[in-house]
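Mind docking chain B on chain A? Use the hints.
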Amino acid sequence: MNPLHVKAIARKEFYHLIRDFRSLYLAFIMPLLLIFMFGYALSLDVDNVRTVIVDQDKTALSRDFIRKLNASAYFEIIRHLDDSRAAVRYLDQGVTTMVIVIPPGWTQDLTADRETSVQILLDGSDPNFAGLSRGYITAFVEAYNRDRLLSFLNRKGRETIEPPVDGRIRVWFNEDLDSRNFIVPGIIAIIIMIVGAMLTSLVIAREYENGTMETIRSLPIGGGEFLLGKAIPYFLIALTDVLVAVFMGQVLFGVVMKSSFWLMVLASAVYISVALCLGLLISIATKSQLVANQMAILITFLPSLLLSDFVFPVGNMPKIFQILTHVIPATYFIDILNGIYLRSLGFAHLWPSYVILVGMLIILGNIGFAMLKREGM
Amino acid sequence: MNISGPDVVYVKDLEKRFGRFVAVDKISFSVKKGEVFGFLGPNGAGKSTTIRMLCGIMSPTSGYGQVAGHDIATEAEAIKHSIGYMSQKFSLYEDMTPFENIRFYLGVYEVPPEDWRERVEWVLDMASLQDVRDRVTKELPPGWRQRLALGCALLHRPEILFLDEPTSGVDPITRRHFWEFIDSLAEGGVTVFVTTHYMDEARNCRRVVMINEGRIVISGSPIEIISRVFPKKPEADLDDVFVRLMSRRTP
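So the protein sequences, as listed, match chains A and B.
Quick note, the working numbering runs 3 ahead of the 1-based positions in the first sequence.
Quick note, the working numbering runs 101 ahead of the 1-based positions in the second sequence.
Some clues are possibly wrong.
Stated by the list, open to error - Quick partial rundown of chain A residues pointing at chain B, CB under 10 Å, derived from the structure:
{"no.": "1", "residue": "N5"}
{"no.": "2", "residue": "L7"}
{"no.": "3", "residue": "I12"}
{"no.": "4", "residue": "N213"}
{"no.": "5", "residue": "T215"}
{"no.": "6", "residue": "T218"}
{"no.": "7", "residue": "I219"}
{"no.": "8", "residue": "R220"}
{"no.": "9", "residue": "E378"}
{"no.": "10", "residue": "M380"}
As the list claims (entries may be wrong) - Derived SDA-like pairs (lysine to any residue); straight-line CA-CA distance at most 25 Å:
{"no.": "11", "chain 1": "B", "residue 1": "K239", "chain 2": "A", "residue 2": "R137"}
{"no.": "12", "chain 1": "A", "residue 1": "K10", "chain 2": "B", "residue 2": "R234"}
{"no.": "13", "chain 1": "A", "residue 1": "K290", "chain 2": "B", "residue 2": "Q189"}
{"no.": "14", "chain 1": "A", "residue 1": "K10", "chain 2": "B", "residue 2": "K239"}
{"no.": "15", "chain 1": "B", "residue 1": "K190", "chain 2": "A", "residue 2": "Y211"}
{"no.": "16", "chain 1": "B", "residue 1": "K190", "chain 2": "A", "residue 2": "N213"}
{"no.": "17", "chain 1": "B", "residue 1": "K239", "chain 2": "A", "residue 2": "Y18"}
{"no.": "18", "chain 1": "B", "residue 1": "K190", "chain 2": "A", "residue 2": "K71"}
{"no.": "19", "chain 1": "A", "residue 1": "K376", "chain 2": "B", "residue 2": "T150"}
{"no.": "20", "chain 1": "B", "residue 1": "K239", "chain 2": "A", "residue 2": "A13"}
{"no.": "21", "chain 1": "B", "residue 1": "K190", "chain 2": "A", "residue 2": "S291"}
{"no.": "22", "chain 1": "A", "residue 1": "K376", "chain 2": "B", "residue 2": "Q167"}
{"no.": "23", "chain 1": "A", "residue 1": "K10", "chain 2": "B", "residue 2": "E219"}
{"no.": "24", "chain 1": "A", "residue 1": "K71", "chain 2": "A", "residue 2": "Y18"}
{"no.": "25", "chain 1": "B", "residue 1": "K190", "chain 2": "A", "residue 2": "R137"}
{"no.": "26", "chain 1": "A", "residue 1": "K10", "chain 2": "B", "residue 2": "H257"}
{"no.": "27", "chain 1": "B", "residue 1": "K190", "chain 2": "A", "residue 2": "R14"}
{"no.": "28", "chain 1": "A", "residue 1": "K10", "chain 2": "B", "residue 2": "D235"}
{"no.": "29", "chain 1": "A", "residue 1": "K10", "chain 2": "B", "residue 2": "E222"}
{"no.": "30", "chain 1": "A", "residue 1": "K376", "chain 2": "B", "residue 2": "A169"}
{"no.": "31", "chain 1": "A", "residue 1": "K290", "chain 2": "B", "residue 2": "S160"}
{"no.": "32", "chain 1": "A", "residue 1": "K10", "chain 2": "B", "residue 2": "E201"}
{"no.": "33", "chain 1": "B", "residue 1": "K127", "chain 2": "A", "residue 2": "R377"}
Hints are computed from structural coordinates only; laboratory data are not their basis.
Glycine included, every Cβ here is placed at the ideal spot set by N, Cα and C.
Looking at chain A on its own, in the form it has when it is part of the complex (with noise of 0.2 Å):
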């Protein structure tokens, strides 16, 4: 390995990069715009369920239990209407996620012991979102009813009894289940994806492209010398977006991180490299630009999103899943931020990980150097 072929290599691919608009794009632009956009759009938290009201009851009582609700976070009452077929026509359009209805007669059923009920009416298109305002709107109406329960024993002047089993819930490591602490870490590794193997991926195929690779293959340069000159300015690239991607998080969504900044970036260099030789080993394997950034899409890029547990869960995932899912590096990338972000845990915890990373990186570097002497380097 010799440093001054590594240099030259290394100072070649950065006058690529900084000529090149597409990768300049990729690398600076698109991680700021996958940032925002995680950050800001795809959150998956629900709060503010958008509900419509239809009172036909129209008493104090009534209004009571509207107040309630509109007081809680997890509602915001959009309309209140008459008829329950345009309260429909709302659910329909989708412009409200939920209609309750309260039905005439409701306070003098309620104030005569009778069961009474409203109607919940949910837009189940989508399931996550539904399922989560149907356990807001159960806990809501629980509460009520307990409230109701208790006002009633008092008035009857009972004693009041407390229920039985109070379950005390407390959320560890992101308290407020705020979906921004775990998507932070998620948007980093994707970011590394993408600069690291989708762009890497285009720049051995570029040489074969244009002929220059005859050229190199003329030089005295090694294979490793050849791969790491290359990897370097990426590398560098990769790096930055993380800490802009670190940086964002803390100042834009406040997500600060709770164990040590510099097994961070340690994780980060790792996985990294990972990527970045997954890029080349695509590069040299296809020949073709084209070719290789649609197979780097769809080795890297997708499994990285899809089957790292950042956006669907593995537990439910059918088991042939769950075992790819162990082949992909940003799993174990995953979790080391997750531990480091949300969980507080150091090296002691997360080493496993680490070895992991570090030895898919061995087994990659040594499939590209294989490939690069078949070629003649």
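Same frame as chain A, now just chain B:
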């Protein structure tokens, strides 16, 4: 035209197969130091395959070859240090300037940094590229790019220069200058190994080998070859020889 130096390229029974296809079929020849050696043949005759084996890019299936004293099968690395190679596409990095291209080659050829300035000026002067040293290479005409590619291949002062169809797509005046330059290199002791299928250019070689379908058909100086193939036809030229020999093998 009396060359009797040592062999800098020596090839014995060199063979390259791709599966069942025989690209180079047990050829033997040698090139002396300071010679301008022409390797002629139609497209697909095995010219590029041979040159690649000699440059250490591709390993032979069988046979022996020596370039600048190094075995082509085992010492590719050493060969790459002592040769310059220019492919038919003058493969430069077109998004980089002449200066940046030269700098890349300086790095990979391990030219000592204290010599860099002098070598850069040398190439830019030789290729008359001083005025465009900071223009992007893709804006330059083919002839200029050819000169730059040639300069890059010579940066480390190689013993042997391999040129694979060096004048394709270049205008006649540039070609003439090119050959004058090649002559001056050879006078300075550099061996030049050139493939071409332009027979008018082959006249510039002191010795040529013609190959067809992977086999050597004839070798010698251009004049020798012409008189051997057309003993009774003094007005014949290399073109005639080429057409005669290359068509003979295809029934």
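Against the structure, the hints come out as follows:
1. N5: Constraint on A/N5 satisfied, holds at 7 Å.
2. L7: 5 Å, holds
3. I12: Holds, because the Cβ-Cβ distance from A/I12 to chain B comes to roughly 7 Å (cut-off 10 Å).
4. N213: For A/N213, the interface hint holds, since the closest Cβ of chain B sits about 7 Å away, which is under 10 Å.
5. T215: 4 Å, holds
6. T218: 4 Å, holds
7. I219: 9 Å, holds
8. R220: Check passed: Cβ of A/R220 comes within 4 Å of chain B, closer than 10 Å.
9. E378: 9 Å, holds
10. M380: 9 Å, holds
11. B/K239 <-> A/R137: With a Cα-Cα distance of about 64 Å, the restraint between B/K239 and A/R137 is violated, given a limit of 25 Å.
12. A/K10 <-> B/R234: 21 Å, holds
13. A/K290 <-> B/Q189: 19 Å, holds
14. A/K10 <-> B/K239: Roughly 24 Å between the alpha carbons, so the hint for A/K10 and B/K239 holds.
15. B/K190 <-> A/Y211: 12 Å, holds
16. B/K190 <-> A/N213: At roughly 9 Å apart (the allowed maximum being 25 Å), A/N213 and B/K190 satisfy the hint.
17. B/K239 <-> A/Y18: Given pair B/K239, A/Y18 holds - Cα atoms ~14 Å apart, limit 25 Å.
18. B/K190 <-> A/K71: Measuring from Cα to Cα gives roughly 78 Å; hence the hint is violated.
19. A/K376 <-> B/T150: Given that 25 Å is the threshold and the Cα spacing comes to 18 Å, the pair holds.
20. B/K239 <-> A/A13: The given pair, whose Cα atoms are some 21 Å apart, holds under the 25 Å limit.
21. B/K190 <-> A/S291: Measuring from Cα to Cα gives roughly 18 Å; hence the hint holds.
22. A/K376 <-> B/Q167: 21 Å, holds
23. A/K10 <-> B/E219: 20 Å, holds
24. A/K71 <-> A/Y18: Not OK: A/K71 and A/Y18 at ~63 Å, beyond 25 Å, violated.
25. B/K190 <-> A/R137: It is violated: about 68 Å lies between the C-alpha atoms, which goes past 25 Å.
26. A/K10 <-> B/H257: OK: A/K10 and B/H257 at ~17 Å, within 25 Å.
27. B/K190 <-> A/R14: 23 Å, holds
28. A/K10 <-> B/D235: 21 Å, holds
29. A/K10 <-> B/E222: Answer holds: A/K10 to B/E222 is near 22 Å, not above 25 Å.
30. A/K376 <-> B/A169: Holds. A/K376 to B/A169 sits at ~22 Å (cutoff 25 Å).
31. A/K290 <-> B/S160: Cα-Cα ~21 Å, so holds.
32. A/K10 <-> B/E201: 13 Å, holds
33. B/K127 <-> A/R377: 23 Å, holds
Violated hints for the displayed structure, listed by number in ascending order: 11, 18, 24, 25.
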